[in-house]
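*Asks:* Protein sequences appear in the order of chains F and C. FYI, the numbering for the first sequence is 1 to 112, going by our numbering. FYI, the numbering for the second sequence is 1 to 113, going by our numbering.
In short, the hints are calculated from the structure, not lab data. Treat the hints with caution; some may be incorrect.
Using C-beta positions, here's what the derived DEER-type ranges look like [to be verified]: (1) Asn52(C) <-> Gln62(F): 28 to 38 Å; (2) Pro105(F) <-> His71(C): 37 to 47 Å; (3) Gln44(C) <-> Leu110(F): 19 to 29 Å; (4) Gly82(C) <-> Gly27(F): 35 to 45 Å; (5) Gln45(F) <-> Ser28(C): 16 to 26 Å; (6) Pro69(F) <-> His71(C): 36 to 46 Å; (7) Pro105(F) <-> Leu8(C): 18 to 28 Å.
Ideal placement from N, C-alpha and C gives every residue a C-beta, glycine not left out.
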Amino acid sequence: SQTIHQWPATLVQPVGSPLSLECTVEGTSNPNLYWYRQAAGRGLQLLFYSVGIGQISSEVPQNLSASRPQDRQFILSSKKLLLSDSGFYLCAWSVRRQETQYFGPGTRLLVL
Amino acid sequence: GEDVEQSLFLSVREGDSSVINCTYTDSSSTYLYWYKQEPGAGLQLLTYIFSNMDMKQDQRLTVLLNKKDKHLSLRIADTQTGDSAIYFCAPRAGGNQGGKLIFGQGTELSVKP
Chain F
1 SQTIHQWPAT LVQPVGSPLS LECTVEGTSN PNLYWYRQAA GRGLQLLFYS
51 VGIGQISSEV PQNLSASRPQ DRQFILSSKK LLLSDSGFYL CAWSVRRQET
101 QYFGPGTRLL VL
Chain C
1 GEDVEQSLFL SVREGDSSVI NCTYTDSSST YLYWYKQEPG AGLQLLTYIF
51 SNMDMKQDQR LTVLLNKKDK HLSLRIADTQ TGDSAIYFCA PRAGGNQGGK
101 LIFGQGTELS VKP
């Protein structure tokens, strides 16, 4: 069966520091991968999605970036964190050309 | 852009039915999902409906879709305290948008014993 992992589970970082969040999927090949952010207001916002290695689409311009160095690995990065980057970051995957997205356990980021 | 609206809160008594409503704007949505989020956790897929269906039943869950009015509802029969969570309606964006889901603010369901 397929599983999705996110690391770390919780992170506290100072403003201006770099960020790297990792998402990995097991048990499937060539998945579509997604990064969402859930702010305190509860709604989820799609940040990036990827349909293959090295292929990244950005939904919202900001100081975050994403990379997909391997088929089942999706990384969310920042060179300098802002206070507004605090939130709950969720990674999701779907089978290529199918619709349903499955979410990981999330990473809670607090920027101080 | 696309939008999804849900009531923020719903409170029911254990054993009653819960009905969570959702309205959306994207008439080209082909799949419409319901996710459940417990405190501090990720989103758990509950069920979904394809846009050419009016109703889908899955054990205690019933999804109704009124495509003309762009209205989606989730009914939970015999609601239990373990159903307390935030429920998200998430239509899939139409067109070539890579499977993007449009989320509302979610409805927080509180089940009282």
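*Asks:* Can you list which hints this structure breaks, lowest number first?
*Replies:* Those not satisfied are hints 2 and 4.
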